Amino acid sequence: MDTNTKTLGEALRRNGVTRRGFLKFCTATASMMALPPSMVPAIAAALEQARRPSVIWLSFQECTGCTESLSRSHAPSLENLIFDHISLDYHHTLQVASGEAAEAAREAAMHANEGAYLVVVDGSIPLGNPGYSTIAGFSNLQTLEETVAGAVAVIAVGTCASFGGLPKAYPNPTGAVSVSDIVTDKPVINVPGCPPIPMVITGVLAHYLTFGTLPELDHYGRPKAFYGTSIHDRCYRRPFYDKGRFAHTFDDEGARKGWCLYKLGCKGPMTYNACATAKWNQGTSWPVESGHGCIGCAEPDFWDAGGFYNALSVPTGEISRNASYAIAAGVGVGAIAAGINQRTRNKAVRQHAEVTIEDLEKR
Amino acid sequence: MNEATLERGLNAFREQVDAPVAAFFSSCVSCGLCAEACLFYTETGDPKYTPIRKLEPLRRVWEQEYTLIGRVKKVLGLVEPVTDELLQEWQELLYDSCTMCARCSLVCPVGNDIAYMVRKAREGMVASGNSPTDVQAAAERAVRIGSPMGVRYKALAAQIQHIEADTGLVIPVDQVGADYMPLLSSMEVINFPEYIESLARIFQHAGLSWTLCSDAFEATNTGIQIGSSDIARELVQRIVDGAERLQVKYVIAPECGHAYTSIRWDGPDLIGRRFPFKVLHILELLDELRVSGRLKTEKPSAERITFHDPCSIGRKGGVIDSPRRLLGLVSSNFVEMKDHGTWNWCCGGGGGVSANTDAEALRTRVFRRKKDQIEETGASKLITACANCRLVIEEGLEAYNVELPMEGLTELVAHHLVED
Amino acid sequence: MNALKSIPVLVEAPATRDFCYQNTLPLLHEISHALRRLQQEQLPTTIDLNAIPFGPGDEQRLLEFLGRGEVSAHLEALGNSSVWESGYPGIWFIEHRNESGERVAFQMEITTLPAILATHPDDIAESLSSLQKALENPSLGHRIGD
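Chains as they are written, first to last, in this note's numbering: chain A, 1 to 363; chain B, 1 to 420; chain C, 1 to 146.
In short, the hints are calculated from the structure, not lab data. Just so you know, these numbers come straight off a predicted model, no measurement behind them. Warning: the hint list may mix true and false statements.
[To be verified] To list a few chain A residues with every Cβ distance to chain B over 12 Å, as calculated:
| id | residue |
| --- | --- |
| 1 | Pro36 |
| 2 | Leu118 |
| 3 | Thr213 |
| 4 | Arg345 |
| 5 | Ala348 |
| 6 | Asp359 |
[Unchecked claim] Below are the DMTMM-like pairs computed for lysine to aspartate or glutamate, each with C-alpha atoms no more than 25 Å apart in a straight line:
| id | chain 1 | residue 1 | chain 2 | residue 2 |
| --- | --- | --- | --- | --- |
| 7 | B | Lys338 | B | Asp358 |
| 8 | A | Lys347 | B | Glu234 |
| 9 | B | Lys296 | C | Asp123 |
Idealized CB from N, CA, C, for every residue including glycine.
This is chain A alone, in the form it adopts within the complex (with noise of 0.2 Å):
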């Protein structure tokens, strides 16, 4: 693989790539990956040094759901410029060869980079009986720990390898588990999502191959550049919450002018995304801007927090989850007492008598 040893600044220069198209290249690259514009320089320098990491991508118990979106990400030329970049070298869904060719190529690239390759996961691994997924003969739970052995790091793509998803939905009758159950001896980054944002994926990907280092991750173990907000957070419809003007119905006037989906079920508080400003379909919308709440789906067993359309409520559960419910129930609760209660607050204005230094002493 003599491709391994161009940098990626030498790469785009043969290529024709001028300084200007290289600081736009790098510019536009800065804001995929979340970064703040200061850190443009340094994306340059590091980028113009990159080399081309392998690529093994595994597809467990899934819908290539992740896949399509990655493969339907827009902003084709940049990113093809990343994926030409790196050597995606086994992928089922998308590779030609088939078989023990298949097979073959994704042993040759774990030995040629022994130690240094990436390991992307999507979908779930079944623990119940190894029979319900396999791919060429091995259960998923084989290929995974074969795979990963020699792996620098691995990307668990979508809530299923996430979190499990929807095959460890209740009842759970594969025994799903998510990627990070079973490898506990390696970086994993989880890059939720039912899919996830394709600029998130590719964005985690350019991270790695610009500084060579994994981001930083928050307690989910997904990177915080994307997920350190919540939905609720960064909401345009955010000032009709804290105003207490909410949709009823999906037909209502406040559904019509645009206002808060919390009692429509919106799960915004409590999930952590980029959707509200990274967007989706070429920065088109995203849920909430089309007029639906979010469904949480970056967030562990989603399927299972409650109807969709059921406003949040205070579960039993983790605390840290309850403080945020409680903050979302108690702000929700509170806007609906302070309507009721609009006329007791009015009627004590009315009978407000001004405090005057004669009035400070009881008689």
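Take the given structure of chain A and dock chains B and C to it, following the hints.
Leaving out everything else, chains B and C in the frame of chain A:
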């Protein structure tokens, strides 16, 4: 009406329950984290000082009049009413043992702004006649005489005369059309006139046009401390009238914590309109002058100094980086205290506590941790930016037999100016 | 696709005031602070507009408010890019598109001149040497002189 009654108090509590207050009370999970953030609890270990508990009277009014369950309970006689006795008992909790330093608001895991609610609860205490008599008297002096310490313009004029005679500096008064109108706190006029001298030196050095206002020099606002928006409004209005009369572009809040809160943050809300001038803290102005190169200072000294952030200016006011940049200008050996900036540890004298003799013994007792943090730095001088903090810390250190000189940051900067 | 048009969908235009999501105003304040930093400390600021949670119409309102000034530049490198100064000097927009015409980055720079417009020193060096090489070519004199 001329009297404070329980009924007026209850009405004031009712008036103060707004959407945030309702949301805060319904969100509280009684975790008790606010206790650990409160100096009155940590230094005494007495659970009655748990911040959220100090709001019990306001909470009862909210529960009984604004929630369905509370109303039902009230009909069935299952609730404890808010009585005069309760309010009397709570006077110590809402005044003597709360500086509204807002450290509790910062740690609350569900985001309840407890200090905001204490400020609101005090409205009910004032209307029902349960505010501390010392603070009442200070408010009376502020409204009648123009200063909580009873300082009239005559006293300020005498200080001005002294300073002008001693230093040859000029201190303009009532000059229409000047750009900057600094305010003072009575404490500066009486205890720390160095501040006025420093202002004169700095304005002359930077070549700015400025003026004091003879009928609006007092920056402190007892209305904010005692918790009466009506009184606070009247005092803010005096400053606005003075600034409008002199047509100044900037009003400069002095080294005083709550004065900054009242004129910069609460002022426009109180009088119900935008100010036609901008309000800056003196440290913000100094930092702007530093940026535009109008402060020429000597080489930084090597004296080890530390800085006490006044809660109202730092944690609640956001002026945290400017003082540090200014400190860097004058000292190459600046050390932070253990708790500083947003997380600073309160001196124990804010929110009217220092004006309240009922609170004196408690205030000295809870000063211990601040004293320890100051000593740990090994600094030979303590700098701050609030005359009240300064006096409280001076008295506190004296009570614990610690000798450490203090200086205001404005004064320190003025001393380091290089005159051409 | 025409079948879609046969579905009777009534789109009601919401009242303007209720439709204001108010994200333009805070951004404008941020820009004014950046301008002050540029004026006082010569510190430029870049704002990634893709990272701002805009509601429907927010971007349009921002562009309309700031308007267009005297300078516009066009750049062809890995697709087209437009750079223009807004009606408020010192506030620049930079929009990068890829070869398929899709927007890949949209930024605002509060600066005297966006960096991407300035010629890189290495390019100047290369430019000089290639121009000198061209001048050394003996056939050049005939072509221009004759």
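How the hints compare with the structure:
Its beta-carbon lying about 19 Å from the closest one in chain B, Pro36(A) satisfies the requirement of being farther than 12 Å from that chain. With a least CB separation of 37 Å from chain B, Leu118(A) remains clear of the 12 Å interface cut-off, as annotated. At roughly 30 Å from the closest C-beta of chain B, the C-beta of Thr213(A) stays outside 12 Å, upholding its exclusion from the interface. The claim that Arg345(A) is not at the interface with chain B is violated, since a C-beta of that chain comes within 12 Å of its own (minimum 6 Å).
A cut-off of 12 Å between C-beta atoms contradicts the statement that Ala348(A) is not in contact with chain B; the least separation is 4 Å. With a least CB separation of 5 Å from chain B, Asp359(A) falls inside the 12 Å interface cut-off, contrary to its annotation. The straight-line distance between the Cα atoms of Lys338(B) and Asp358(B) is roughly 30 Å, outside the 25 Å bound, and the hint therefore fails. Proposed proximity of Lys347(A) and Glu234(B) is supported: the alpha carbons are some 24 Å apart, at most 25 Å.
About 42 Å separates the Cα atoms of Lys296(B) and Asp123(C), which puts this hinted pair outside 25 Å; it is violated.
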